[in-house]
Amino acid sequence: AWKGAPVIEGRGGWSFKPRGRFNFDAGVVDAPSGTGVDDGFGSEARRIRLGVEGDIPGGFGYKVEVDFAEGAEITDAILTYGSGGATITIGQHNNFQSLDELTSSRFTSHIERAAFTDAFGFERLLGVSAEYLSGDVLIQGGVFSDNIEDLPGERWGVDGRAVYLPKIGDSQMHLGGSLHYADIAPADSLRYRYRPLVHFTDTRFVDTRSFDARSERGIGLESAFISGPFHAAGEAFWQTVSRPGDIEDADFFGGYAEVGYFLTSGDTRGYKAGVFDRVKPANPVGEGGFGALQVNLRYDYLDLTDGVITGGMQNGYIASLVWTPTDYTRFLMSYGRLAYDGAVIPAKDGETSYSVDSLGVRAQIDF
Amino acid sequence: AWKGAPVIEGRGGWSFKPRGRFNFDAGVVDAPSGTGVDDGFGSEARRIRLGVEGDIPGGFGYKVEVDFAEGAEITDAILTYGSGGATITIGQHNNFQSLDELTSSRFTSHIERAAFTDAFGFERLLGVSAEYLSGDVLIQGGVFSDNIEDLPGERWGVDGRAVYLPKIGDSQMHLGGSLHYADIAPADSLRYRYRPLVHFTDTRFVDTRSFDARSERGIGLESAFISGPFHAAGEAFWQTVSRPGDIEDADFFGGYAEVGYFLTSGDTRGYKAGVFDRVKPANPVGEGGFGALQVNLRYDYLDLTDGVITGGMQNGYIASLVWTPTDYTRFLMSYGRLAYDGAVIPAKDGETSYSVDSLGVRAQIDF
Amino acid sequence: AWKGAPVIEGRGGWSFKPRGRFNFDAGVVDAPSGTGVDDGFGSEARRIRLGVEGDIPGGFGYKVEVDFAEGAEITDAILTYGSGGATITIGQHNNFQSLDELTSSRFTSHIERAAFTDAFGFERLLGVSAEYLSGDVLIQGGVFSDNIEDLPGERWGVDGRAVYLPKIGDSQMHLGGSLHYADIAPADSLRYRYRPLVHFTDTRFVDTRSFDARSERGIGLESAFISGPFHAAGEAFWQTVSRPGDIEDADFFGGYAEVGYFLTSGDTRGYKAGVFDRVKPANPVGEGGFGALQVNLRYDYLDLTDGVITGGMQNGYIASLVWTPTDYTRFLMSYGRLAYDGAVIPAKDGETSYSVDSLGVRAQIDF
Numbered sequence: 330a331w332k333g334a335p336v337i338e339g340r341g342g343w344s345f346k347p348r349g350r351f352n353f354d355a356g357v358v359d360a361p362s363g364t365g366v367d368d369g370f371g372s373e374a375r376r377i378r379l380g381v382e383g384d385i386p387g388g389f390g391y392k393v394e395v396d397f398a399e400g401a402e403i404t405d406a407i408l409t410y411g412s413g414g415a416t417i418t419i420g421q422h423n424n425f426q427s428l429d430e431l432t433s434s435r436f437t438s439h440i441e442r443a444a445f446t447d448a449f450g451f452e453r454l455l456g457v458s459a460e461y462l463s464g465d466v467l468i469q470g471g472v473f474s475d476n477i478e479d480l481p482g483e484r485w486g487v488d489g490r491a492v493y494l495p496k497i498g499d500s501q502m503h504l505g506g507s508l509h510y511a512d513i514a515p516a517d518s519l520r521y522r523y524r525p526l527v528h529f530t531d532t533r534f535v536d537t538r539s540f541d542a543r544s545e546r547g548i549g550l551e552s553a554f555i556s557g558p559f560h561a562a563g564e565a566f567w568q569t570v571s572r573p574g575d576i577e578d579a580d581f582f583g584g585y586a587e588v589g590y591f592l593t594s595g596d597t598r599g600y601k602a603g604v605f606d607r608v609k610p611a612n613p614v615g616e617g618g619f620g621a622l623q624v625n626l627r628y629d630y631l632d633l634t635d636g637v638i639t640g641g642m643q644n645g646y647i648a649s650l651v652w653t654p655t656d657y658t659r660f661l662m663s664y665g666r667l668a669y670d671g672a673v674i675p676a677k678d679g680e681t682s683y684s685v686d687s688l689g690v691r692a693q694i695d696f
Numbered sequence: 330a331w332k333g334a335p336v337i338e339g340r341g342g343w344s345f346k347p348r349g350r351f352n353f354d355a356g357v358v359d360a361p362s363g364t365g366v367d368d369g370f371g372s373e374a375r376r377i378r379l380g381v382e383g384d385i386p387g388g389f390g391y392k393v394e395v396d397f398a399e400g401a402e403i404t405d406a407i408l409t410y411g412s413g414g415a416t417i418t419i420g421q422h423n424n425f426q427s428l429d430e431l432t433s434s435r436f437t438s439h440i441e442r443a444a445f446t447d448a449f450g451f452e453r454l455l456g457v458s459a460e461y462l463s464g465d466v467l468i469q470g471g472v473f474s475d476n477i478e479d480l481p482g483e484r485w486g487v488d489g490r491a492v493y494l495p496k497i498g499d500s501q502m503h504l505g506g507s508l509h510y511a512d513i514a515p516a517d518s519l520r521y522r523y524r525p526l527v528h529f530t531d532t533r534f535v536d537t538r539s540f541d542a543r544s545e546r547g548i549g550l551e552s553a554f555i556s557g558p559f560h561a562a563g564e565a566f567w568q569t570v571s572r573p574g575d576i577e578d579a580d581f582f583g584g585y586a587e588v589g590y591f592l593t594s595g596d597t598r599g600y601k602a603g604v605f606d607r608v609k610p611a612n613p614v615g616e617g618g619f620g621a622l623q624v625n626l627r628y629d630y631l632d633l634t635d636g637v638i639t640g641g642m643q644n645g646y647i648a649s650l651v652w653t654p655t656d657y658t659r660f661l662m663s664y665g666r667l668a669y670d671g672a673v674i675p676a677k678d679g680e681t682s683y684s685v686d687s688l689g690v691r692a693q694i695d696f
Numbered sequence: 330a331w332k333g334a335p336v337i338e339g340r341g342g343w344s345f346k347p348r349g350r351f352n353f354d355a356g357v358v359d360a361p362s363g364t365g366v367d368d369g370f371g372s373e374a375r376r377i378r379l380g381v382e383g384d385i386p387g388g389f390g391y392k393v394e395v396d397f398a399e400g401a402e403i404t405d406a407i408l409t410y411g412s413g414g415a416t417i418t419i420g421q422h423n424n425f426q427s428l429d430e431l432t433s434s435r436f437t438s439h440i441e442r443a444a445f446t447d448a449f450g451f452e453r454l455l456g457v458s459a460e461y462l463s464g465d466v467l468i469q470g471g472v473f474s475d476n477i478e479d480l481p482g483e484r485w486g487v488d489g490r491a492v493y494l495p496k497i498g499d500s501q502m503h504l505g506g507s508l509h510y511a512d513i514a515p516a517d518s519l520r521y522r523y524r525p526l527v528h529f530t531d532t533r534f535v536d537t538r539s540f541d542a543r544s545e546r547g548i549g550l551e552s553a554f555i556s557g558p559f560h561a562a563g564e565a566f567w568q569t570v571s572r573p574g575d576i577e578d579a580d581f582f583g584g585y586a587e588v589g590y591f592l593t594s595g596d597t598r599g600y601k602a603g604v605f606d607r608v609k610p611a612n613p614v615g616e617g618g619f620g621a622l623q624v625n626l627r628y629d630y631l632d633l634t635d636g637v638i639t640g641g642m643q644n645g646y647i648a649s650l651v652w653t654p655t656d657y658t659r660f661l662m663s664y665g666r667l668a669y670d671g672a673v674i675p676a677k678d679g680e681t682s683y684s685v686d687s688l689g690v691r692a693q694i695d696f
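Protein chains in written order, with this note's numbering: chain A, 330 to 696; chain B, 330 to 696; chain C, 330 to 696.
Quick caveat, the hints were computed from the structure, so don't treat them as lab data. A few of these clues could be false.
When chains are identical, the list treats them as one kind, so a pair holds in a single copy or across two.
What the hints assert, rightly or not - Taking lysine-lysine pairs in the BS3-like style, the calculated list, with each CA pair at most 30 Å apart, reads:
1. K609 - K677
2. K601 - K677
3. K392 - K677
4. K332 - K392
5. K496 - K677
6. K496 - K332
7. K677 - K332
8. K609 - K496
9. K609 - K392
Treat the numbers as computed from the prediction; the structure is a model and nothing was measured.
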């Protein structure tokens with residue numbers, strides 16, 4: 330078999346497949362000149378991931394991927410055991426927060442994910458989890474420590490997610506919710522912040538700065554709908570931080586709503602087991618076709634201000650054009666107008682309400 | 330062919346095989362409260378290794394493996410030339426010290442190796458070596474500089490090892506000895522120390538601290554015996570350090586004795602070419618069996634005190650339970666009661682004789 | 330197919346191939362004792378590279394390689410699209426400067442490349458380029474930012490190269506030229522310097538030290554000739570640096586001339602698409618032959634002094650012996666006598682004109 334790379338199969342249930350994904354990004358960020366932000370053109374290798382996955386007789390499996398874009402960082406590194414619709418996973422993996430976060434970066438509708446998924450620090454964690462998929466219902470839950478890069482450490486947490494994913498005629502529905510709790514070690518602090526849509530800049534206009542925290546609680550709601558060339562998706566996420574001593578809890582919020590449409594006929598957004606999946610063009614380049622061309626619009630909201638923590642607020646208006654020439658190649662262009670209130674970088678005369686324009690392009694291959 | 334991953338073979342003697350091993354560890358360390366050691370629960374990705382090996386027509390071969398658990402560190406990286414029973418190796422590889430060290434971490438009987446192998450700093454070194462295996466005799470020797478991570482540098486050394494490995498009826502005997510010499514660069518110093526059985530803590534109760542050294546001499550004795558479900562092994566290692574000027578040599582010692590037994594019928598410990606090898610369960614999971622279940626007991630001794638160097642002494646009593654569901658999966662649980670004398674972390678009232686309890690579990694897949 | 334590693338092919342134009350190259354170096358550098366340079370013996374893993382390449386239906390392709398010799402550094406990381414003789418490349422790749430630089434390190438005639446290619450900082454850069462090969466003419470050009478390791482940053486540049494590569498009877502001709510421009514970011518500076526032939530030392534006898542720069546312009550000329558066992562090659566490279574304010578431009582120069590000859594009959598140096606290619610021994614080891622044995626002589630000149638920048642001058646006389654037992658294995662020995670004028674490390678009595686002897690050996694496997 331071939332899935333971007335050869336799937337080599339042996340007798341008795343063995344399999345082995347190389348994995349990889351490569352994203353090259355470039356673009357511009359344009360902030361009001363009074364901010365002193367010297368941005369303009371930027372570029373980077375956003376992701377350079379190589380890895381392997383495989384099956385082992387007896388129901389076992391593994392997946393490991395390393396990102397070389399900045400040094401070498403482990404992304405997924407898991408051992409699995411599956412039986413029926415149930416799967417047990419040990420290792421570093423996503424802790425079941427947000428449809429946009431759980432959807433692979435290979436299949437997102439914009440160059441970067443929704444602001445709250447980065448701002449609230451969603452990332453892969455070392456842990457043990459179980460999931461069960463039966464008919465239209467998916468249940469996931471696990472206990473987690475921290476990202477391998479941050480271990481040894483004393484952070485631990487519990488996460489759960491449930492999704493109802495019925496197929497109604499030819500349309501795919503998705504309704505889900507997630508709960509998150511993490512105990513923050515006394516020595517650690519939290520910091521929520523967000524880049525202006527593109528990753529090749531290190532400037533953040535919204536930023537809580539570091540603050541002391543005892544624990545973190547998150548509640549997420551997810552919805553999505555796919556029907557032929559059209560899709561819509563929306564999420565809301567409430568993050569609450571317990572602070573030490575008598576300090577009141579801090580409440581933050583983020584969410585987005587998006588619609589997308591394929592201009593090329595016969596194309597639709599992939600969906601599988603509770604997340605968006607690969608787009609497979611009906612008429613790919615190389616077989617006489619043009620590939621799939623999709624436009625997406627997103628409104629992206631983030632509020633990082635509560636009480637004494639004044640991280641700022643963002644209203645993002647984002648449009649993207651995604652060209653998928655073949656199953657395993659993609660070119661994306663995302664434009665965002667990000668309107669800030671209470672931005673942490675003041676513009677002329679101390680003004681903290683202004684807009685930033687951001688444009689990013691990406692070339693992608695995965696296997 | 331398939332050995333956990335596909336072995337791809339070409340005409341004329343070509344071969345190519347991916348390699349990997351993944352260890353996820355968790356556990357607890359419990360030290361007397363007076364020590365101020367805040368341990369309790371810990372977890373880590375102990376090893377995340379990916380690599381390749383292959384044969385090249387003409388008798389050449391290579392093996393390379395990188396560990397991504399903490400950044401990216403090269404473990405094995407060798408070119409080989411073989412003819413008859415002789416093999417020449419160039420690159421980073423183990424310098425022929427200790428049966429427990431030379432046995433792959435995939436096949437050890439406890440979650441970590443004997444204390445002296447870590448304490449005396451056994452690790453892979455860049456060097457050139459030759460080995461010869463003929464009938465019941467194995468001879469190995471080479472010259473080595475330093476670990477690639479520590480190069481450029483001026484350390485160099487010589488190592489040799491001989492093993493007599495007759496098969497007596499169905500039983501495997503192993504009797505060996507090794508000699509080690511390393512010249513320490515004037516700018517470098519030595520430090521011998523040991524974690525309490527598990528690797529996810531950075532606390533060491535025995536520790537010589539850094540001391541000046543001119544050279545290092547080691548003598549090791551090895552013995553092992555495998556008969557059906559039963560195995561026994563024991564080693565002793567004398568490490569002597571020449572110190573600068575008129576300071577007397579410092580002598581350190583470590584050793585262990587262990588026995589193990591498979592509770593599942595038909596299982597035995599693997600052995601090959603002077604080291605322990607893979608356990609292949611007689612009745613693996615996935616073919617109606619339970620896999621192999623083995624219990625092991627070890628007494629592990631380490632003395633890091635001599636003259637003015639007071640690194641402390643450890644008497645370790647260790648038990649492990651190793652479940653091997655299939656050839657390429659393992660789950661280990663190791664418990665150790667480590668009795669210290671002259672521990673470098675004093676407990677209440679300056680007491681340096683006390684015991685530490687340590688429990689570790691591991692999930693492992695390799696290919 | 331097999332090219333050092335299996336080339337796995339799927340239907341519709343898919344392919345996948347692992348890549349790797351391993352260089353283990355050792356040797357000695359002997360400088361006048363008055364310099365205080367404590368060199369003597371050195372060793373290192375010069376390159377430990379692993380990666381993959383592949384084709385994707387529709388004309389797309391990719392190549393990624395990571396070097397693990399010092400941490401994990403991305404070397405090539407590209408996506409390509411090809412049609413007819415034209416290729417578009419996105420990602421990190423060489424920016425078309427110098428035949429010796431563009432020839433893979435697997436196929437160079439000496440242990441290290443010509444001095445100017447290192448001194449002037451030629452390295453892979455993130456960029457977009459196009460190339461066109463038609464008959465005897467190769468045209469290459471692109472725009473580039475910086476090496477991935479140095480991003481984010483504000484460096485950008487333009488590069489172009491043209492080569493005329495006719496075959497005259499059985500002889501291969503090569504005549505080429507390249508132009509280079511790079512805009513240096515205000516915050517950055519330049520530093521040109523060169524190791525004494527071998528890479529395992531960090532000493533540089535010629536070194537401009539850091540100096541402010543606005544931009545960099547380079548002009549290169551290339552020539553080469555291969556006829557049976559004989560080859561000759563020569564290059565010249567003028568590097569001009571625009572300096573800030575009223576400071577005059579700084580001009581530097583480097584170049585080399587070399588000849589090589591195979592002592593084993595039937596062997597010749599490979600050449601392909603504007604660069605030297607793999608040597609495939611007529612009578613390899615393993616098929617009753619000795620492999621290919623080649624001697625090479627090179628004169629290597631570098632001038633890093635102009636105006637107030639006194640980096641020194643080098644006249645290098647270099648001889649190498651290259652044994653290629655099989656297509657994918659090589660052993661090299663390079664000896665260089667490097668005569669310096671204006672060396673930046675003074676010898677006894679402040680003398681800066683002296684010679685350094687350098688000897689390096691390398692064991693290599695690639696696939």
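We went through each hint and held it up to the structure:
no. : hint        : verdict
1   : K609 - K677 : neither (48 Å within a copy, 67 Å between copies)
2   : K601 - K677 : neither (48 Å within a copy, 58 Å between copies)
3   : K392 - K677 : neither (50 Å within a copy, 47 Å between copies)
4   : K332 - K392 : both (15 Å within a copy, 17 Å between copies)
5   : K496 - K677 : neither (53 Å within a copy, 65 Å between copies)
6   : K496 - K332 : within (25 Å within a copy, 41 Å between copies)
7   : K677 - K332 : neither (53 Å within a copy, 61 Å between copies)
8   : K609 - K496 : within (19 Å within a copy, 45 Å between copies)
9   : K609 - K392 : both (23 Å within a copy, 23 Å between copies)
Hint check: violations occur at hints 1, 2, 3, 5 and 7; the rest are consistent with the structure.
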